[in-house]
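A.B. asks: Order-wise, the sequence lines are chains A and B. Residues in the first sequence are numbered from 1175 upward in steps of one, following our numbering. Residues in the second sequence are numbered from 58 upward in steps of one, following our numbering.
I should point out that these hints are in silico values taken from the structure, not numbers from a laboratory. Heads up, the beta-carbon is just placed ideally off N, CA and C, and yes, glycines get one too. One or more hints might be untrue.
Claimed, not checked - Straight line, CA to CA, 30 angstroms or less: simulated BS3-like cross-link-like pairs of lysine-lysine:
hint, chain 1, residue 1, chain 2, residue 2
1, A, K1399, B, K90
2, B, K165, B, K268
3, A, K1297, B, K285
4, B, K296, B, K231
5, B, K144, A, K1399
As the list claims (entries may be wrong) - So the derived list for chain A, only partly shown, Cβ under 10 angstroms to chain B, looks like this:
hint, residue
6, L1252
7, L1317
8, R1357
9, I1408
10, G1456
11, S1459
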Amino acid sequence: MSQPQKRIMILDPDPARAERMVELMETEDHFAYAVEDMNRAMQQIYNEAPDLIVMTALGDRWKTFLRTLKNDSVYRYLPVLGLFAEGMLGPTTTFEGLPIDDLLLLPLNLDELRLRVRLAIVKSSRYLDANPLSRLPGNYTILQTVQSLIDNKTPFALCYIDIDSFKPFNDRYGFSRGDEIIRMTARIMTNAVRGSTDSISFVGHIGGDDFIMIIEPQSVDAICKQVLFNFDMIAATFYDDEDRMRGYIESVDRKGAKNRFPLLSLSIAAVISVNRNFTHYGEFSAAASEVKKAVKQLDGSNYMVDRRYDKKEGDDPQLALVET
Amino acid sequence: MLLDKDQFQKKLAKLQNLPAFPSILDRFNDMVKDPSISMSQIGDVIGQDQMLSLKILKLINSAFYGFPGRISTITHALVLLGYDVVKGLILSATVFEEMSNDWRELWKHSLGVSKACGLICEKLRIPDAEEIAMAGLLHDIGKVVLILEEPAIYEKVQMGAAKHDLPIDLAEQKLLGFDHTEVALWLCDRWHLPQRLGVPMAYHHHPENSKSPQMHSVVVFLADNITKAVGAGAEVNSKVMPMPAIVTEMLNINRAFLEQLVIDLERELQTISA
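Excised from the complex, chain A in its bound form (with noise of 0.2 angstroms):
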């Protein structure tokens, strides 16, 4: 498949400088331009987000612009790297109050600053989504992932996992041993998913116990089983002995009413593309809530495949299969 065309802005207010900045940057993967003022460059960046940003002008004004926009949770993620001219770093400068994420010293090598371009760019892709607990990639990898399969009409499936009685486990153990659930869970799920050979292999964080695996639909069987069976042999650790011995955990509400809660066990809703007529994430994702709900009311740990299907309208489903 081919991959869109990234986007950087270049930020320098001397348009000379700018121009020949775009002339080096633009390549068959590139798409550069060059913005010279601090509101133009917001509204830019508001009304479309580039893939990187490459800064010249390191003054004051444009160091506060940087900081501002770092500071926004989303922005967060957008690479920035810096150009400087000799002499304007020394080995003693800092960077606490200067966020950018790589610098270039000037006069430039024009092959390495390709070079930092496409690292700076896959870089901010490849960890900056992580969750910080698991480092399992997050949504916004999660949202492209499934798109692109959507788009490029790649069979897959969507499993969308959840951990049952997570919260009583919190709440009788405290947070830290909660999180380390979530990692235990993580790790399983990549192990699970990245001993198969298959081409499709993915795990994503969407958040708290939350996570979603995208896998070969005919593998959706053997993956799941395996995940349950590991969770279920590896989470009794996580328990004191009186607790696991018991099978349950007690906690009082705020009544004061004494509560049983059973052990950690995991739910996995599957939709498989194939059967759907799905166009987009969202769809994938409201129909296997539902089979979540379905599944997260038996006992212990299950997983349920969403067998519902789509008539499709000229286009045979079957054929969808063969031409992958």
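Using the hints provided, position chain B relative to the given structure of chain A.
C.D. replies: Chain B alone, transformed into the frame defined by chain A:
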């Protein structure tokens, strides 16, 4: 004292390269090439090498993975680390150039204790068999590290024990000021290994004083002594220790049970030396 406690602890803190036995590495390399080999089969092979097992438990319990002190079995560690990481870890292990007789005896003893733990748990239906067997495999890791790091000094300790007919831990205490169970505890602390492994390693001589899980310490104690009784002690002059009352009480066993255990363990050990 032949060793300074603080100095030795500092040395342990820097301990990086735990060597593995060549035979295990060769087998692992063959297994890696074979796609039909499962994770649990690889786990069985790893579970025969103290150093590889320790390496793997050390990594999965490190702060990097985010659940220190939780994972005590190789099966769980393999699931969480994943095949690629384990492969890398094992392929990067340093190989012993040669295995001295001391080493071979100690390795056979440790493996024997691990098997004995498994047998006891199976016969008495004690839960957490794999965890207890791992504690059995690692129970003498303090000795291993002492031989590894201070071979000349530890030889003196062993000679001293033989000369004065002392149990090895008493000789260690006399000559070093600490014994191998303490060394094991330092390692467990340092590497965030679970208490459930550290406790039986520390109390395998005195299960009557053990903290929870006391059952683990009791099983490792019995396994250690049964293994010595069938002639697979760690040292030439290994002695079977008197059995504290807690062992028979907690396990609810009699003489006939012990006799059968000896027979079964001997059979298991024959497959090891082969």
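A.B. asks: Each hint: holds or not?
C.D. replies: Consistency of the hints with the structure:
1. For the suggested pair K1399 (chain A) and K90 (chain B), the alpha carbons sit about 25 angstroms apart, so the restraint of at most 30 angstroms is met.
2. A distance of roughly 28 angstroms separates the Cα atoms of K165 (chain B) and K268 (chain B); the hinted pair therefore holds under the 30 angstroms criterion.
3. Of the supplied pair hints, the one linking K1297 (chain A) and K285 (chain B) is violated, its CA atoms being roughly 57 angstroms apart against a limit of 30 angstroms.
4. Taking the CA atoms of K296 (chain B) and K231 (chain B), the gap is about 18 angstroms. The hint holds against a cut of 30 angstroms.
5. The suggested pairing of K144 (chain B) with K1399 (chain A) holds, with an alpha-carbon distance near 24 angstroms, which does not exceed 30 angstroms.
6. Hint status for L1252 (chain A) relative to chain B: violated, with the closest Cβ pair at about 28 angstroms, above 10 angstroms.
7. For L1317 (chain A), the interface hint is violated, since its Cβ never comes within 10 angstroms of a Cβ in chain B; the closest pair sits about 26 angstroms apart.
8. Given hint, R1357 (chain A) at the interface with chain B, holds; its Cβ is 4 angstroms from that chain's nearest Cβ, closer than 10 angstroms.
9. With its C-beta approaching chain B no nearer than about 5 angstroms, I1408 (chain A) sits inside the 10 angstroms limit, and its interface hint holds.
10. The beta carbon of G1456 (chain A) comes no nearer than 32 angstroms to any beta carbon in chain B, farther than 10 angstroms, and the hint placing it at the interface is violated.
11. Against a cut-off of 10 angstroms between C-beta atoms, the interface hint on S1459 (chain A) is violated, since the closest Cβ of chain B lies about 27 angstroms away.
In summary, the structure is inconsistent with hints 3, 6, 7, 10, 11 from the numbered list given earlier, while agreeing with the others.
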